[in-house]
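Undergrad: Chain residues, written in single-letter form:
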Amino acid sequence: MAVANIQISETPLVLYTLRRADDALILGHRLSEWCGHAPTLEEDMALANMGLDLLGQARELYAYAAKVEGKDNDEDKFAYLRDVRQYRNLLLVEQPNGDFARTMVRQFLYAVFADLYWRAMMQSKDATLAAIAAKSEKESAYHVRHALEWIIRLGDGTEESHRRAQTAIDDLWSFTGEMFAVDDSERGLIDAGIAVDPAPLQPQWLKTITTVVNEATLGLPASNWMQQGGRSGRHSEHLGHLLSELQSLQRTFPGATW
Amino acid sequence: MTTPNSPLWEVFIRSRNGLAHKHVGSLHAADATLALQAARDIYTRRGEGLSIWVVPSSAITASDPAEKGMMFEPAESKIYRHPTFYDVPEEVGHM
Amino acid sequence: MYTQALNTSDADDRNVEDAARAAAFQARIDADERIEPNDSMPAAYRKTLTRQISQHAHSEIVGMLPEGNWITRAPTLRRKAALLAKVQDECGHGLYLYAAAETLGTSREELVDAMLAGKAKYSSIFNYPTLTWADIGTIGWLVDGAAIMNQIPLCRCSYGPYARAMIRVCKEESFHQRQGFEIMLTLCRGTDEQKAMAQDALNRWWWPVLMMFGPPDKASQHSDTSTKWKIKRFSNDELRQKFIDATVPQAQFLGLTIPDPEMKQDEAGHWLPGPIDWDEFKQVLSGNGPCNRDRLAARRKAHDEGAWVREAAAAYAAKRKRRQFAQAAE
Numbered sequence: 001m002a003v004a005n006i007q008i009s010e011t012p013l014v015l016y017t018l019r020r021a022d023d024a025l026i027l028g029h030r031l032s033e034w035c036g037h038a039p040t041l042e043e044d045m046a047l048a049n050m051g052l053d054l055l056g057q058a059r060e061l062y063a064y065a066a067k068v069e070g071k072d073n074d075e076d077k078f079a080y081l082r083d084v085r086q087y088r089n090l091l092l093v094e095q096p097n098g099d100f101a102r103t104m105v106r107q108f109l110y111a112v113f114a115d116l117y118w119r120a121m122m123q124s125k126d127a128t129l130a131a132i133a134a135k136s137e138k139e140s141a142y143h144v145r146h147a148l149e150w151i152i153r154l155g156d157g158t159e160e161s162h163r164r165a166q167t168a169i170d171d172l173w174s175f176t177g178e179m180f181a182v183d184d185s186e187r188g189l190i191d192a193g194i195a196v197d198p199a200p201l202q203p204q205w206l207k208t209i210t211t212v213v214n215e216a217t218l219g220l221p222a223s224n225w226m227q228q229g230g231r232s233g234r235h236s237e238h239l240g241h242l243l244s245e246l247q248s249l250q251r252t253f254p255g256a257t258w
Numbered sequence: 001m002t003t004p005n006s007p008l009w010e011v012f013i014r015s016r017n018g019l020a021h022k023h024v025g026s027l028h029a030a031d032a033t034l035a036l037q038a039a040r041d042i043y044t045r046r047g048e049g050l051s052i053w054v055v056p057s058s059a060i061t062a063s064d065p066a067e068k069g070m071m072f073e074p075a076e077s078k079i080y081r082h083p084t085f086y087d088v089p090e091e092v093g094h095m
Numbered sequence: 001m002y003t004q005a006l007n008t009s010d011a012d013d014r015n016v017e018d019a020a021r022a023a024a025f026q027a028r029i030d031a032d033e034r035i036e037p038n039d040s041m042p043a044a045y046r047k048t049l050t051r052q053i054s055q056h057a058h059s060e061i062v063g064m065l066p067e068g069n070w071i072t073r074a075p076t077l078r079r080k081a082a083l084l085a086k087v088q089d090e091c092g093h094g095l096y097l098y099a100a101a102e103t104l105g106t107s108r109e110e111l112v113d114a115m116l117a118g119k120a121k122y123s124s125i126f127n128y129p130t131l132t133w134a135d136i137g138t139i140g141w142l143v144d145g146a147a148i149m150n151q152i153p154l155c156r157c158s159y160g161p162y163a164r165a166m167i168r169v170c171k172e173e174s175f176h177q178r179q180g181f182e183i184m185l186t187l188c189r190g191t192d193e194q195k196a197m198a199q200d201a202l203n204r205w206w207w208p209v210l211m212m213f214g215p216p217d218k219a220s221q222h223s224d225t226s227t228k229w230k231i232k233r234f235s236n237d238e239l240r241q242k243f244i245d246a247t248v249p250q251a252q253f254l255g256l257t258i259p260d261p262e263m264k265q266d267e268a269g270h271w272l273p274g275p276i277d278w279d280e281f282k283q284v285l286s287g288n289g290p291c292n293r294d295r296l297a298a299r300r301k302a303h304d305e306g307a308w309v310r311e312a313a314a315a316y317a318a319k320r321k322r323r324q325f326a327q328a329a330e
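Chains as they are written, first to last, in this note's numbering: chain Z, 1 to 258; chain V, 1 to 95; chain L, 1 to 330.
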């Protein structure tokens, strides 16, 4: 690679902020891949809107991470000059779009979580995080609405759409546990009233997911085995390909301004 | 293969409170819920609205332009419906 | 422009129209009245407009592909957001335009099917590849610049729904050209490599952009009726000249060279281009451009892979209606 990775002082607050920023960037990037290829023009518009919401969240969070870190990193250095092992997003959001059912299931599983999470974060003692959460919550609330309407239609639509939606749930389910995991770095911030403790959000998350999945005549997998690793940079193979595309210009032309 | 037609909807948006909903365009959606979401995603991207109505295009009954004479011209001669028809001396002031 | 393939005449259709009604229609047009969907109109007017508006819509939708090619590779997050928003706008514009075309009595699905079957045209410009990031700047600066030149007069076109769609489109597009010019300016003030990238993109796009305005006036058959019906208000050559005159100083500002050694300025200040290669234009329009096959393949793939989603939504809507009836009957 022509340009070296940046170094980051991952203090707990920087790491915490980067994790949320990476979730938003990677999922937003995935949604942006749909642009021009969606099942209807109306849905093309919707997917781009959600992608732009997430991209906006990522940028605010990166800006805050840069401020907290106090080095000369910025949103673009965080996005373009970290490799796979330095990315801190959930495994769920980096999973490929697949068909429309997979994209909607991924969106649904994440958005229901994100909405609860942002709502809790609005109470953070960190004023910047609380403000970002207040803005993001309105966006994620709509993402929930949009995704759940589709889950219901795909599940209760045709045989084919039902099969595709069920396959997507079965394949993505093992990536949901990571959303509720907490490590030592985050524990301290939770105790200080800055970070959100995700554990208490899980029952509500599961309740919403179950209600919608039932209404969609779909089911949740029996297996409770959950994959972990995204938060500490142990990703699926998919992320490397995403990053090589995302970062290609910045890596090819060292130090250029765009 | 011929793609089956999907229902067409007309979209009306209230740009701010105090104003009436105004027709802004159309879209395709399988049902009312998806139509409302699509209207939000298509027609309010630049903060154009505070309230949206979607109406199935098939639910609209329109007057026939060919009957314009019968429908609308009789109103044109009723000039006494307008305030300017009446003479009030200027010294009376605004009325 | 986006409807540049409109070169056949519909004059024959008018023989079947009642002469008196045609005259009354023309009188309305001459009085600058707007024609609305349910109004009586000559069959040829309806046909010409359906074709022009749908070609315009196809162009917006196919036009998402060359720029969409760079959304995942945009070099900064700011550029990425702007590009995604811009390409999304193109989708919206296609959508508005299909809706305008539908008011003339042909469904969006029929119009799209014709495009996917290769039976309908779209703008030749989108059959060229986007090879570098500078192509994204150039498209915004020149392709959108050319489109705006063409679209502003369409805001006053005689057909109400088309004119209203164009007003919305023009309002939204106002950021597109600026976005492109800003990319070019950044490249031109950047490294030598970036500047070379910008010049290379201009070299590749300049002539195809001039072709966007359609064949020269003396070779364009349809312009007469379109002008008479106030669908078209300026000729291809007039718009092309206006575009060149506006663009040359911008290129000079960027420090870029227009790739036309024969270009010269006349006494009135107009920049007169060298000869345009109309054979290339014809080839691209007839399907032999560098990307015609890729573009259609991409649209067909999206359409085919989306079929089960559209079917699912329709099936669910039908089921729910049945359930509601059943409930009401209880």
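If you're looking for bench data, these hints aren't it; they were derived computationally from the structure.
Please note: incorrect hints may appear among the correct ones.
[To be verified] Across the chosen pairs, the derived CB separations fall in these ranges:
1) Ser-63/V with Lys-242/L: 34 to 42 angstroms
2) Ala-141/Z with Ala-268/L: 52 to 60 angstroms
3) Gly-219/Z with Gln-324/L: 56 to 64 angstroms
4) Arg-145/Z with Lys-22/V: 22 to 30 angstroms
5) Asn-97/Z with Ala-196/L: 33 to 41 angstroms
6) Glu-330/L with Phe-85/V: 24 to 32 angstroms
7) Arg-293/L with Lys-135/Z: 39 to 47 angstroms
8) Arg-145/Z with Gln-327/L: 35 to 43 angstroms
Where is the CB? At the ideal position from N, CA and C, for every residue including glycine.
Undergrad: Does each hint fit the structure? Answer for all of them.
TA: Against the structure, the hints come out as follows:
Taking 34 to 42 angstroms as the suggested C-beta distance range, the pair Ser-63/V and Lys-242/L conforms, at roughly 41 angstroms. Look at Ala-141/Z against Ala-268/L: about 59 angstroms separates their beta carbons, and that is inside 52 to 60 angstroms. Remark: the range hint 56 to 64 angstroms for Gly-219/Z to Gln-324/L is contradicted by a beta-carbon distance near 26 angstroms. A hinted range of 22 to 30 angstroms for the beta carbons of Arg-145/Z and Lys-22/V is consistent with their spacing of about 25 angstroms.
As the Cβ distance of Asn-97/Z to Ala-196/L is approximately 35 angstroms, the hint placing it in 33 to 41 angstroms holds. Distance hint check: the CB atoms of Glu-330/L and Phe-85/V are about 59 angstroms apart, inconsistent with the given range 24 to 32 angstroms. Taken as a hint, the range 39 to 47 angstroms holds for the pair Arg-293/L and Lys-135/Z, whose Cβ atoms sit roughly 44 angstroms apart. At about 24 angstroms, the CB distance of Arg-145/Z to Gln-327/L disagrees with the hint of 35 to 43 angstroms.
Going down the numbered hints, you'll see the structure goes against 3, 6, 8, while the others check out.
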